[in-house]
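Enquirer: Below, each chain spelled out in residue letters.
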Amino acid sequence: MSPVTTRDEEADVALELAGVAFAYPDGNQALFGVDLLVRRQERVAVLGPNGAGKTTLLLHLNGILGRAAGSNAVGTVRVGGVEVSKSTLGEVRRRVGLVFQDPDDQLFMPTVRDDVAFGPTNLGLRGDELQTRVDEALDAVGMLRLGDRPPHHLSFGQRRRVAVATVLAMHCEVLVLDEPSSNLDPASRRELLDVLADLPVTVVVVTHDLPFALELCERSVVLDDGRIVHDAATLEVLQDPGLLARHRLELPVGFDPAAVVPRGRARPSPSIP
Amino acid sequence: MGAGHTHGSSRSVSDGLYVHGATPLHRLPAEVKLVGLLAFVLTVVATPREQAWAFGVYALLLVGLLATTRLRPGLVLRRMVIEVPFLVFAVLLPFVALGERVDVLGLQLSVDGLLGGFNILAKGTLGVVAAILLSATTTPRDLIVGLQRLRVPALFVTILSFMVRYLDVVVDDMRRMALARASRGFEAKHLGHVPVVAKAAGALFIRSYERGERVHLAMVSRGFTGTMPQLTAPSPTTRQWAVVVVAWALVATVAVTAVVAGDRTAWLVVAG
Amino acid sequence: MHVPDGFLDVPTSIATGVVAAAVVAVSLRRARDELAESTAAAPMAGLVAAFVFAVQMLNFPVGVGTSGHLMGGALAAVLVGPWTAIICLAVVVTLQALLFADGGVSALGSNVFLIGIVTVVVGYAVAKALMAVLPKRPASAVPAAAIGALVSVPATALVFVGLYAVGGAAELDLGQLAAFMLTWHVLIGIGEAVITGLTVGAVVATRPDLVRLTRGYRSSLVLTDADGSSREVSAAPVSEGVRRIGVGWVAGALGVCLVLAGLVSSFASANPDGLEYVAERVGFIDTAEDSVVAGSPFGDYAVVGIDNPILATGLAGVLGVAIALAVGVLIARAVRPRAQGGTARDTEKV
Numbered sequence: 001m002s003p004v005t006t007r008d009e010e011a012d013v014a015l016e017l018a019g020v021a022f023a024y025p026d027g028n029q030a031l032f033g034v035d036l037l038v039r040r041q042e043r044v045a046v047l048g049p050n051g052a053g054k055t056t057l058l059l060h061l062n063g064i065l066g067r068a069a070g071s072n073a074v075g076t077v078r079v080g081g082v083e084v085s086k087s088t089l090g091e092v093r094r095r096v097g098l099v100f101q102d103p104d105d106q107l108f109m110p111t112v113r114d115d116v117a118f119g120p121t122n123l124g125l126r127g128d129e130l131q132t133r134v135d136e137a138l139d140a141v142g143m144l145r146l147g148d149r150p151p152h153h154l155s156f157g158q159r160r161r162v163a164v165a166t167v168l169a170m171h172c173e174v175l176v177l178d179e180p181s182s183n184l185d186p187a188s189r190r191e192l193l194d195v196l197a198d199l200p201v202t203v204v205v206v207t208h209d210l211p212f213a214l215e216l217c218e219r220s221v222v223l224d225d226g227r228i229v230h231d232a233a234t235l236e237v238l239q240d241p242g243l244l245a246r247h248r249l250e251l252p253v254g255f256d257p258a259a260v261v262p263r264g265r266a267r268p269s270p271s272i273p
Numbered sequence: 001m002g003a004g005h006t007h008g009s010s011r012s013v014s015d016g017l018y019v020h021g022a023t024p025l026h027r028l029p030a031e032v033k034l035v036g037l038l039a040f041v042l043t044v045v046a047t048p049r050e051q052a053w054a055f056g057v058y059a060l061l062l063v064g065l066l067a068t069t070r071l072r073p074g075l076v077l078r079r080m081v082i083e084v085p086f087l088v089f090a091v092l093l094p095f096v097a098l099g100e101r102v103d104v105l106g107l108q109l110s111v112d113g114l115l116g117g118f119n120i121l122a123k124g125t126l127g128v129v130a131a132i133l134l135s136a137t138t139t140p141r142d143l144i145v146g147l148q149r150l151r152v153p154a155l156f157v158t159i160l161s162f163m164v165r166y167l168d169v170v171v172d173d174m175r176r177m178a179l180a181r182a183s184r185g186f187e188a189k190h191l192g193h194v195p196v197v198a199k200a201a202g203a204l205f206i207r208s209y210e211r212g213e214r215v216h217l218a219m220v221s222r223g224f225t226g227t228m229p230q231l232t233a234p235s236p237t238t239r240q241w242a243v244v245v246v247a248w249a250l251v252a253t254v255a256v257t258a259v260v261a262g263d264r265t266a267w268l269v270v271a272g
Numbered sequence: 001m002h003v004p005d006g007f008l009d010v011p012t013s014i015a016t017g018v019v020a021a022a023v024v025a026v027s028l029r030r031a032r033d034e035l036a037e038s039t040a041a042a043p044m045a046g047l048v049a050a051f052v053f054a055v056q057m058l059n060f061p062v063g064v065g066t067s068g069h070l071m072g073g074a075l076a077a078v079l080v081g082p083w084t085a086i087i088c089l090a091v092v093v094t095l096q097a098l099l100f101a102d103g104g105v106s107a108l109g110s111n112v113f114l115i116g117i118v119t120v121v122v123g124y125a126v127a128k129a130l131m132a133v134l135p136k137r138p139a140s141a142v143p144a145a146a147i148g149a150l151v152s153v154p155a156t157a158l159v160f161v162g163l164y165a166v167g168g169a170a171e172l173d174l175g176q177l178a179a180f181m182l183t184w185h186v187l188i189g190i191g192e193a194v195i196t197g198l199t200v201g202a203v204v205a206t207r208p209d210l211v212r213l214t215r216g217y218r219s220s221l222v223l224t225d226a227d228g229s230s231r232e233v234s235a236a237p238v239s240e241g242v243r244r245i246g247v248g249w250v251a252g253a254l255g256v257c258l259v260l261a262g263l264v265s266s267f268a269s270a271n272p273d274g275l276e277y278v279a280e281r282v283g284f285i286d287t288a289e290d291s292v293v294a295g296s297p298f299g300d301y302a303v304v305g306i307d308n309p310i311l312a313t314g315l316a317g318v319l320g321v322a323i324a325l326a327v328g329v330l331i332a333r334a335v336r337p338r339a340q341g342g343t344a345r346d347t348e349k350v
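Protein chains in written order, with our numbering: chain B, 1 to 273; chain G, 1 to 272; chain S, 1 to 350.
Hints listed in this document are in silico derivations from the structure and should not be mistaken for laboratory results. Be careful, since some hints might not be right.
[Unchecked claim] Listed next, with one range per pair, are the computed distances between beta-carbon atoms: (1) G:Val196 to B:Gln29: 36 to 46 Å; (2) B:Gly127 to G:Thr237: 14 to 24 Å; (3) G:Ser235 to B:Ala232: 53 to 63 Å; (4) B:Ser85 to G:Thr237: 42 to 52 Å; (5) G:Ala154 to B:Gln131: 18 to 28 Å; (6) G:Val196 to S:Arg30: 33 to 43 Å; (7) B:Ser182 to G:Arg175: 17 to 27 Å; (8) G:Arg175 to B:Gln131: 36 to 46 Å.
Just so it is clear, CB atoms sit at the ideal spot from N, CA and C, and this is done for glycine as well.
Using the sequences provided together with the hints, build the complete structure.
Expert: The structure is reproduced here in structure tokens:
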């Protein structure tokens, strides 16, 4: 299922999972040998029914679960060539930014600016350099003017966007998002899509929102029962009714995948290493 | 998760008593206000209760400060309602205290009790008003920075800041659970309903605890290794410190005068 | 109710402030050990503190027309351990003083000491002692916590009386004050006990690993994963590494209860309590009606039929403690965790 890589293409790899299997302490196995390869600046959607193991998979990407966390896990996860292990956690977390489902879990500082500054501060930035980084990240998500507000003064959609900014400020190479469009009103959803579509980073998105996946991600991976069961272009996946039905995926009524114009890739920014 | 708050138009618990403004007290850094408040309150409490005039002076000072903050009097009075329980105690004291009694409007009241009641009334009220002055002009964030700068142990301040941040979230959770119960026809009217409320409290604890774990994961995902970043805020100028020190010196003078006057009268009584 | 400025004089306020600060400083160090990962201390304690603040909003009726609020010290101690509980309560009290003008700033030391330290220490000590004699099951945490809470409230009230004796605003008959405070706070204590017990019961039923008091009485740790799901391994009734508390502890705690109830109560002033005194003086005592339980064997804090007053009061006290204990154990039996088998319980799984 996973695309073949040649030596030339290895430098181009943002994420590589090989044989990742994971079981919870009571023996309940969540992942059964997942192989996945994501190239730089690719945008991949992870689709699948509830209970498929999607969030579990995400948590392997920055070492919260998996061997680096000391739990009973098998397989390797590589981020930009660096293997995720106890000793490389710091480096991995600098490269992979995880945006959780509940923005309130990620905005824990008194103001928006403080939250966005938290990551870079841990990376060692101070003074003007820090402020610039914070401003850029807030600007990228359109929240610059609300920087001095406490999170509870923001709407849910605004908090979502700030959560993305907190991770952007760390200049991550890979942005991983768990259900970013859930609970958003249509306008906020579109604003978020605009923000994500313009980012020159690798994106991995877990989502139930198939139209969102289609607009943002050219490639989709279907995860079910802890295994990757399909890996192809998003359009192809959404136009396969049998596939959708087998894995409890449903398009909104009247939605025609062919009619959607996917967001183009952003121009690569010079700041990418 | 909630579908979002109204943008700051409704008060949230996490705001405390803060009222937005740009008055001198608002601009004063929190560490200066905290020191000033503590010094003021201790001085007031140290003032002998017999010298009622001193408390009048203190009250005038506070009223003056209140005027500079442009706070609505109604707001302050409403907040002073918190005093009511100890007001009750202050009122009962003349009836139940020991010692020499005096006849007041046909009632035999204790002298010590009357003085004690006044003591609580005056000092308690002054303390509440001074505290309101602090909390109405200081954002929670400013307070946290102030405590950090006053060298309160870092872990304590950090825990305090997390608590402030998630107060709203937890109280909201609780309210939503109550709402869910109410819409299924439940109202906690009598003791038989306590188990239901307690179950909700248990669920709230588990939710809050699990959220704490998730917050920790989010922190760690952004590179946290144990030290929280220092929050930035304007530092106090020498002038600002000077103003507060001078103000306290005036208050202290009143207190010392009161003490001396008190001793003098006592001496006179003994001598006479 | 928090102590306002002016209740206690400056020396007392400063002394309690120093003691409170010292205890909190020690707790900060110890709290890190109570948590699995020390970097988690701040967010975990912060969330628990927010929870304590929220539950302190719960009120319950205590007598006609008045209500009492939950203090939460015993509850917090049983759930997250005494050191973390002290910090959480201290943070809540500090915030209430500085952000909500609730409680005098000069009395912050006293308030932290009373609400944050005494309730936690007494509540936890009693609960821990009871755990040693109750059956070795997580469900035993329920009556242990309830009785811990029950004792913690009047105990704090007594300590308050002690502080008042040292630096109070006016001279009072301490016996009277103690009797009044005790009566009032025993009632509040009952409410606190019921809510604490039931809340702990609710937590034990779904996440016994989150109840610190049951440590060593569970079969295995429940691990929570980042996505919110937790896995509970089958509950075999075996505990590893239980530290035997020893008969001494149990005897001590029960002894304190019995001494207070059995002996000290007799020295509570026989004078009418504050309200009765006022009522007699001002003249509305005749409007008072005997309470429903006035005719009971325990009416008016004495056992009917025994002539010696000390013995009568003492016996009433001792029997009261015994009844409370029995009721607690009965509640424990009634509130059992439902899942006793090995069930993998998913809370949130994507």
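Enquirer: Indicate, hint by hint, whether the structure satisfies it.
Expert: Hints, one by one, checked against the model:
Against the hinted window of 36 to 46 Å, the Cβ-Cβ separation of Val196 (chain G) and Gln29 (chain B) comes to about 38 Å, which satisfies the hint. The supplied range of 14 to 24 Å is met by Gly127 (chain B) and Thr237 (chain G), whose beta-carbon atoms lie about 21 Å from each other. Between Ser235 (chain G) and Ala232 (chain B) the beta carbon distance is about 59 Å. The supplied range of 53 to 63 Å therefore holds. Between Ser85 (chain B) and Thr237 (chain G) the beta carbons are some 51 Å apart, a value that agrees with the proposed interval 42 to 52 Å.
The given range of 18 to 28 Å is respected by Ala154 (chain G) and Gln131 (chain B), whose C-beta atoms sit roughly 23 Å from each other. Look at Val196 (chain G) against Arg30 (chain S): about 35 Å separates their beta carbons, and that is inside 33 to 43 Å. For the pair Ser182 (chain B) and Arg175 (chain G), the supplied restraint of 17 to 27 Å holds, since their beta-carbon distance comes to about 22 Å. At roughly 37 Å, the beta carbons of Arg175 (chain G) and Gln131 (chain B) sit within the given window of 36 to 46 Å.
Taken one by one, the earlier hints all hold for this structure without exception.
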